[in-house]
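J.: Fit chain to chain and form the complex, with the hints in mind.
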Amino acid sequence: GAVVSQHPSRVICKSGTSVKIECRSLDFQATTMFWYRQFPKKSLMLMATSNEGSKATYEQGVEKDKFLINHASLTLSTLTVTSAHPEDSSFYICSARGELRNTDTQYFGPGTRLTVL
Amino acid sequence: GQNIDQPTEMTATEGAIVQINCTYQTSGFNGLFWYQQHAGEAPTFLSYNVLDGLEEKGRFSSFLSRSKGYSYLLLKELQMKDSASYLCAVRSWGNSGGYQKVTFGTGTKLQVIP
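Residue numbers (our numbering), protein chains in the order written: chain A, 1 to 117; chain B, 1 to 114.
Only chain B is shown next, with the shape it has when bound in the complex (with noise of 0.2 Å):
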C-alpha cells in the first residue's frame, strides 16, 4: 500500500515564504507531483519531481529525496491568492504492473494572513 503525509493545515503571513512537508512510503515510486487546489475547484499542477534536488519555478519550489521518502513545496514572497490547498501526489506502478496510478495525500490547507 501507500502512505502519504503532510500537514493538515499551515497559516503563514503576506510576503513571507512556508514551506509544506510531504513524507510518502510505496513501493515502485515513479515521480511526485505538488498541486494547488482552491475551494472547489480542481486541482492545478504545480511541480513534478523524479529526481533528487530542487526544482524552481518562480515563486514556488519543489524538493525531493527519494531515500527519505521525503518532498517539500516552497512557496515564496507568498500572496493573498496563495491561499489554497496543497496536494502531495505520489506515482507508482501498480499492483499488477503495466500501469501507473497517483496517489494523494490528504492536503495542506494554506491560510495567507495580511
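The following block holds chain A by itself, in its conformation from the complex (with noise of 0.2 Å):
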C-alpha cells in the first residue's frame, strides 16, 4: 500500500491565487521530505529538501519565498505555491525519506497536477 500520500491529487486555480499541497508519511516517521517539479516528459527537478523543525534548503534558481515549505512534523510537509502563474503549472512531487522495514529509503507520493489558468 501507500507509504506517502499527497493532497490534493489534482488542482486548477486562477492565476494570482495560492495553493498547497500536503505531504504525509503514513507509516515511517520522514526525516526529511524532499520535493520535486516534473515537465512533460523531463525528469524530476529537486526544488528543495526540508528536514522536520528546520528551513528548507532550496536548490539554485528556485524562489524560496515563491515556493514556501514547512515541515511541521516528522510525518508532515506542506508546499505553498504563492501567487501561481501559469507557467507554475506543473506535477508535483513529494518524497520521504525514512527507515521503512529496516530499509532505510525514499518513496515518492502520488503526486499533484497543478494547472494554473
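Just so you know, the hints here were simulated from the structure itself, not pulled from any lab data. Among the hints, erroneous ones may be present.
Said to hold, decoys possible - In the DSS-like style, the derived pairs of lysine-lysine whose C-alpha atoms are separated by at most 27 Å in a straight line are:
#: 1; chain 1: B; residue 1: 81; chain 2: A; residue 2: 55
#: 2; chain 1: A; residue 1: 42; chain 2: B; residue 2: 101
#: 3; chain 1: A; residue 1: 64; chain 2: B; residue 2: 81
#: 4; chain 1: A; residue 1: 41; chain 2: B; residue 2: 81
T.: The following block contains the structure:
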C-alpha cells in the first residue's frame, strides 16, 4: 500500500491565487522530505529539501518566497505555491525519507498536478 | 555538481532480460536508487544500493560499483507492464553539509515488445 500520501492529487486555480499541497508519510517518520517538480517528458527536478523543525534548503534557481515549504512534523510537509502563474503549472511530487522495514530509503507520493489558468 | 547519465531509450522483447546502465559523478555519495515511473504517475521505488555489489529482488536486480561510479538495473523475464521509464537517482550530501539530497538522471524509457 501507499506509504506517502499527497493531497490534493489535482488542482486547477486562477492566476494570482496560492495553492497548498500536503505530503504525509503514512507508515514511518520522515526525517527528511523532498519536493520535486516534473515537466512533461522530463526527469524530476529537486526543488527543496526539508528537515523537520528547520528551514528548507532550496536548490539553485528555486524562489523560496514563491515556493513556501513547511515541515511541521515528522509525518507532514507542505508546499505552498504563492501567487501562482501559468508557468507554475506542473506535476509536483514529494518524497519522504525514513526507515521502513529496516531499510533507509525514499518513497514518493502520488504527485499533484497543478494547472494555473 | 553532479552528473548522472543513463540511456534515453531502450527496447527489449517480452520474456527477455534487459540491463539499464547508469553512470554518475558526485561528491559525498551516499546511495543510489532505481525507480520505475509510468507515464503520468509518480515514481515507485525499486531498489537502493549503498555498498558495492548486487541486490536482488525478484525479477529486478541492481548493481553498484562506487569506485567506478556505475550502477545497473537488471530486469529479467520482461513483461509488457515493465514498459516504463526507469530513473537512476544518486543521494549525496549537500554543499553546506548537514543534509542530503537526491538527484535524478533523465530516465531511460523502456519499451517491451511482444
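J.: If a hint holds in the structure, say so; if it doesn't, say that too.
T.: Against the structure, the hints:
no.: 1; hint: B:81 <-> A:55; verdict: violated (40 Å)
no.: 2; hint: A:42 <-> B:101; verdict: holds (19 Å)
no.: 3; hint: A:64 <-> B:81; verdict: violated (39 Å)
no.: 4; hint: A:41 <-> B:81; verdict: holds (19 Å)
Checked against the numbered hints given earlier, the structure breaks hints 1 and 3 and satisfies all the rest.
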